[in-house]
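Asker: As a plain string of letters, each chain reads:
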Amino acid sequence: MSRSFSTNDPDSFAAREQRLREIRKQADREFRAKIAGSQKLPPVGIASPETGYYGMPVLKQPPWTWEIPVYFFVGGAAGSAAVIGNIARMIGADPKLVSDARWLAAIGGAISPALLVADLGMPSRFINMLRVFKIQSPMSVGSWTLVAFSTGSAAAAFTSAVRKRTGPNKLLHVCNSAADFFAALSGLVLCTYTGVLIGATVIPVWNQNVSILPIHFAASGLNSAVSMLELRGNYSPALNSLGIASALCETAVGATLEMSKRPATKPLHEGKSGWLMRAAGLLSGPIPLVLRLLAGNSRTPRSKKLRNAAAISSVTGSLITRVAWVQAGKESARNPAISLELPSASEKDQIESR
Amino acid sequence: MSGITAFLTDSTLCIGCKACEVACKEWNQVPEDGFTWRGMSYDNTGELGHSTWRHVKFVEDGASSGFGGNSPDVFSWGFSSDVCKHCENAGCLEACPTGAIVRTEFGGVYVQPDVCNGCAYCVVTCPFGVIERNPADGRAFKCTFCYDRQKEGLKPACATACPTESIKFGRIEDMSGEADKRMGHLKDLGFDDVHLYNPIESSVGGIHALFITRGDPTTYNLPPHPEVPTKYLRRGWASAGVAAGMLVLSALLAFLGNGDGS
Numbered sequence: 000m001s002r003s004f005s006t007n008d009p010d011s012f013a014a015r016e017q018r019l020r021e022i023r024k025q026a027d028r029e030f031r032a033k034i035a036g037s038q039k040l041p042p043v044g045i046a047s048p049e050t051g052y053y054g055m056p057v058l059k060q061p062p063w064t065w066e067i068p069v070y071f072f073v074g075g076a077a078g079s080a081a082v083i084g085n086i087a088r089m090i091g092a093d094p095k096l097v098s099d100a101r102w103l104a105a106i107g108g109a110i111s112p113a114l115l116v117a118d119l120g121m122p123s124r125f126i127n128m129l130r131v132f133k134i135q136s137p138m139s140v141g142s143w144t145l146v147a148f149s150t151g152s153a154a155a156a157f158t159s160a161v162r163k164r165t166g167p168n169k170l171l172h173v174c175n176s177a178a179d180f181f182a183a184l185s186g187l188v189l190c191t192y193t194g195v196l197i198g199a200t201v202i203p204v205w206n207q208n209v210s211i212l213p214i215h216f217a218a219s220g221l222n223s224a225v226s227m228l229e230l231r232g233n234y235s236p237a238l239n240s241l242g243i244a245s246a247l248c249e250t251a252v253g254a255t256l257e258m259s260k261r262p263a264t265k266p267l268h269e270g271k272s273g274w275l276m277r278a279a280g281l282l283s284g285p286i287p288l289v290l291r292l293l294a295g296n297s298r299t300p301r302s303k304k305l306r307n308a309a310a311i312s313s314v315t316g317s318l319i320t321r322v323a324w325v326q327a328g329k330e331s332a333r334n335p336a337i338s339l340e341l342p343s344a345s346e347k348d349q350i351e352s353r
Numbered sequence: 000m001s002g003i004t005a006f007l008t009d010s011t012l013c014i015g016c017k018a019c020e021v022a023c024k025e026w027n028q029v030p031e032d033g034f035t036w037r038g039m040s041y042d043n044t045g046e047l048g049h050s051t052w053r054h055v056k057f058v059e060d061g062a063s064s065g066f067g068g069n070s071p072d073v074f075s076w077g078f079s080s081d082v083c084k085h086c087e088n089a090g091c092l093e094a095c096p097t098g099a100i101v102r103t104e105f106g107g108v109y110v111q112p113d114v115c116n117g118c119a120y121c122v123v124t125c126p127f128g129v130i131e132r133n134p135a136d137g138r139a140f141k142c143t144f145c146y147d148r149q150k151e152g153l154k155p156a157c158a159t160a161c162p163t164e165s166i167k168f169g170r171i172e173d174m175s176g177e178a179d180k181r182m183g184h185l186k187d188l189g190f191d192d193v194h195l196y197n198p199i200e201s202s203v204g205g206i207h208a209l210f211i212t213r214g215d216p217t218t219y220n221l222p223p224h225p226e227v228p229t230k231y232l233r234r235g236w237a238s239a240g241v242a243a244g245m246l247v248l249s250a251l252l253a254f255l256g257n258g259d260g261s
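Which chain is which? The protein sequence lines are C and W, in order. Read left to right, the first sequence gives residues 0 to 353 (numbering that gives the first Met the number 0). Read left to right, the second sequence gives residues 0 to 261 (numbering that gives the first Met the number 0).
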């Protein structure tokens, strides 16, 4: 067969070439339609100074699963409870409140290490955390703090239980006071260090908020500790005041985060983490604040009901706060624009600052 | 080889053969990690991670006459083999709570697999997204700088396998001299867009894996200002101190102010 270059002949070389081009165009159209309809397929990117390397992330996402945000929540509540309990005791407040706070701290102090160990890639090697103490590693400082807190809060609960059985005993009293104080001191670190832990990382949404995070986590911890004590039937006016203070602080933090329009804080406003963060902010800030102000300092059934509602809202909000921050970190790590200082990040900045 | 060592990865010599990836996997017995078509260029490795310690990046450039095919309507290619940067101020090393990550006598950053407990804090403190936790194993892994081979006076596996000397390895001072020489030579040849990637002015304070790229290094996902996250510690702890103070103060005021003393 001789090769013909006429396109009229369907078997001709040119016609076959034309057909191949059509097939290619059709495949291209269909592929584009397919990726437009599915978010699972990666977008067809390019590598350039505007997009980075095919839009691939520069950073790795935190691989932490649910245990870590729950640990932040439990540790925060337990640490704050130890502080509240110790101060209440020093001032001579209701012994039931002091005892409940002590038990809350001890239970949290028992659950927290379990959560932290469960998240380790090699849980059997948790003990390696105690090979060294590194002041420059918040994970190291935190591990030692947690061990101190768990020991202190357990000792406080144990000595108080023994004291209740054996009656007044000078030595037990001293041991109990010391353990309470030790738990409160380590509790202070426990409910704040987690903010430093995620703040001192390369994840933009975390490190850009390193000054806010410890305050946010401490307020959230206090809010949940107060609320848990109320749900245990402690309705002292002091707890309501503390609840108001922490809800006020959370409202301020929530507003600051909401108004922060830097490109790095985008995950706090958009997507799954944005909605979680807003829900958490409302549940821990304005909602309990209003309920607590309405409840006032009376001990009427209506006031107790309002305070219970505020407490449930705060505890839920506190848990969601930690989930939202971890989720925001994951979403932040996926976006290469901040690390690479891509024009898309700075343009956004300019538009938003206008 | 003795003293402090470094890689110099020259993308102008790289032909994208991925021999470095293969050699690294074989020598270090890095686990296989499946085969996925990524739909971007010929790079189906994707990124560095627990099972990828060398990664050849494939950058497709628009047609440019004289380079990459000598035809004005043909793509040109840029290849660059990425690797752990072995930072002077290494985020992973600072953050590691077990002391599993250490600095070797060659200046490299090495994870001791018998110590690592898989807390994954290094993962979120690496400004280059290099180290990763292996979900199957539980521990974190990354390039060892072929510590075992260097101990025996050998070059790392990737540099040994590289057929074009795109991956050079030697004393760090020789490598930075070599880099300057090569940059001058390339510019003389008319490659006006060559860059040497060595973020010595950032808080990372220099790296042990230098890269020569054509075009902006951000094209290869090399961040212009990598930061070691320990720089945020001061602000973080200051804020934690303020938070703790506020907590104690508010509790004191609440209990004293409400006359809860009985």
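Hints listed in this document are in silico derivations from the structure and should not be mistaken for laboratory results. Note that CB positions come from ideal geometry on N, CA and C, so glycine has one too. Heads up, a few of these hints could be off.
As the list claims (entries may be wrong) - Computed spacing ranges between beta-carbons, pair by pair:
1) C/Ala177 - W/Ala237: 51 to 59 Å
2) W/Ala237 - C/Thr165: 38 to 46 Å
3) W/Leu248 - C/Val289: 20 to 28 Å
4) W/Gly176 - C/Phe12: 54 to 62 Å
5) W/Gln111 - C/Pro122: 52 to 60 Å
6) C/Thr255 - W/Gly176: 49 to 57 Å
7) W/Lys186 - C/Glu66: 16 to 24 Å
8) C/Arg164 - W/Val241: 40 to 48 Å
9) W/Thr163 - C/Glu66: 43 to 51 Å
10) C/Thr64 - W/His224: 54 to 62 Å
Asker: For each hint, tell me whether it holds in the structure or not.
Answerer: Against the structure, the hints:
1. C/Ala177 - W/Ala237: 51 to 59 Å: Roughly 29 Å apart at Cβ, these two residues miss the hinted range, so it is violated.
2. W/Ala237 - C/Thr165: 38 to 46 Å: This hint holds: roughly 45 Å between Cβ atoms.
3. W/Leu248 - C/Val289: 20 to 28 Å: holds (24 Å)
4. W/Gly176 - C/Phe12: 54 to 62 Å: holds (57 Å)
5. W/Gln111 - C/Pro122: 52 to 60 Å: Violated - the Cβ-Cβ distance for W/Gln111 and C/Pro122, about 18 Å, lies outside 52 to 60 Å.
6. C/Thr255 - W/Gly176: 49 to 57 Å: This hint holds: roughly 50 Å between Cβ atoms.
7. W/Lys186 - C/Glu66: 16 to 24 Å: Cβ of W/Lys186 to Cβ of C/Glu66: about 53 Å, so the range 16 to 24 Å is violated.
8. C/Arg164 - W/Val241: 40 to 48 Å: holds (41 Å)
9. W/Thr163 - C/Glu66: 43 to 51 Å: Cβ of W/Thr163 to Cβ of C/Glu66: about 47 Å, so the range 43 to 51 Å holds.
10. C/Thr64 - W/His224: 54 to 62 Å: violated (31 Å)
Hint compliance for this structure: hints 1, 5, 7, 10 are broken, all remaining hints hold.
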